Structures are given as C-alpha cells and as structure tokens.
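Numbering of the sequence shown is given in the numbering used here, commencing with residue 3 and proceeding in unit increments.
One should not assume that every hint holds.
Derived DEER-like restraints, expressed as beta-carbon distance ranges [stated by the list, open to error]: (1) R22 - A46: 41 to 49 Å; (2) E41 - N90: 14 to 22 Å; (3) T58 - H32: 32 to 40 Å; (4) I78 - L47: 14 to 22 Å; (5) K68 - T20: 16 to 24 Å; (6) R73 - S5: 23 to 31 Å; (7) G26 - P79: 18 to 26 Å; (8) A44 - K68: 20 to 28 Å; (9) Y24 - G51: 41 to 49 Å; (10) E49 - S29: 49 to 57 Å; (11) A88 - L9: 19 to 27 Å; (12) L99 - R73: 15 to 23 Å; (13) S45 - D23: 21 to 29 Å.
In case anyone wonders, no lab produced these hints; they're calculated from the structure. Values in this document were obtained by computation on a predicted structure and should not be read as measured data. Just so it is clear, CB atoms sit at the ideal spot from N, CA and C, and this is done for glycine as well.
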Amino acid sequence: MSSTYTLKILADFASAHTLRDYPGDCSRMHGHNWKLEVEVTASALNEHGMGMDFKTIKTATRELAKTLDHRYLNDIPPFDTVNPTAENIAQYFYQNL
3 MSSTYTLKIL ADFASAHTLR DYPGDCSRMH GHNWKLEVEV TASALNEHGM GMDFKTIKTA
63 TRELAKTLDH RYLNDIPPFD TVNPTAENIA QYFYQNL
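Start from the sequences, fold in the hints, and give me the full structure.
Shown next as structure tokens:
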C-alpha cells in the first residue's frame, strides 16, 4: 500500500501591483493582502518520521513572502516583465521554493 504525506504551510504578505495592458480597473496601481498556502507531499518518511522538515519549508516560505511584503511587485523580477497576477505569483513561489 502506498502512502502520501502532506504538509501545508500558510504565509501572508501585503503588496501593490499593476496589471499591464489589462482592460479594467486592475490596470491602475492597487494593493492586496495576499494569503499563501504551500503544500508539499512526500511518498516516504525518513528515519526521523518526516517526509520533509516542516521548519525548513516553513522558514523558506515565510522568507520568500517577506521579499514581497510591502513592495510594489512590478519593480521585482520577474514581475518587472511578467504581469503579477495571482497565477504568476503562485508560479513564482513554486519555482523559488
């Protein structure tokens, strides 16, 4: 029987952004209080009974969120060239964690 172990980490940050070339209100600078949920899975546990060290992924998630906190996202790569949509922000966290 195969098992899957899942950890969920929550983080939040506040930031402003502009959606370039968007035909609506979001083309003007505005802000959000973002809620982030990171989920990692493992198919096995190590000798300590962990799929992944919770502290490691929690620290990495929160540190990455801090780099965006109280910032204008359009000034931060890759959002200086890619629209900082919710989907692109999720991809940013996925690629950087």
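Handout entry: Structure versus earlier hints, numbers of those that do not hold, lowest first
Key = The structure conflicts with hints 4, 6, 13, although it agrees with all the remaining ones.
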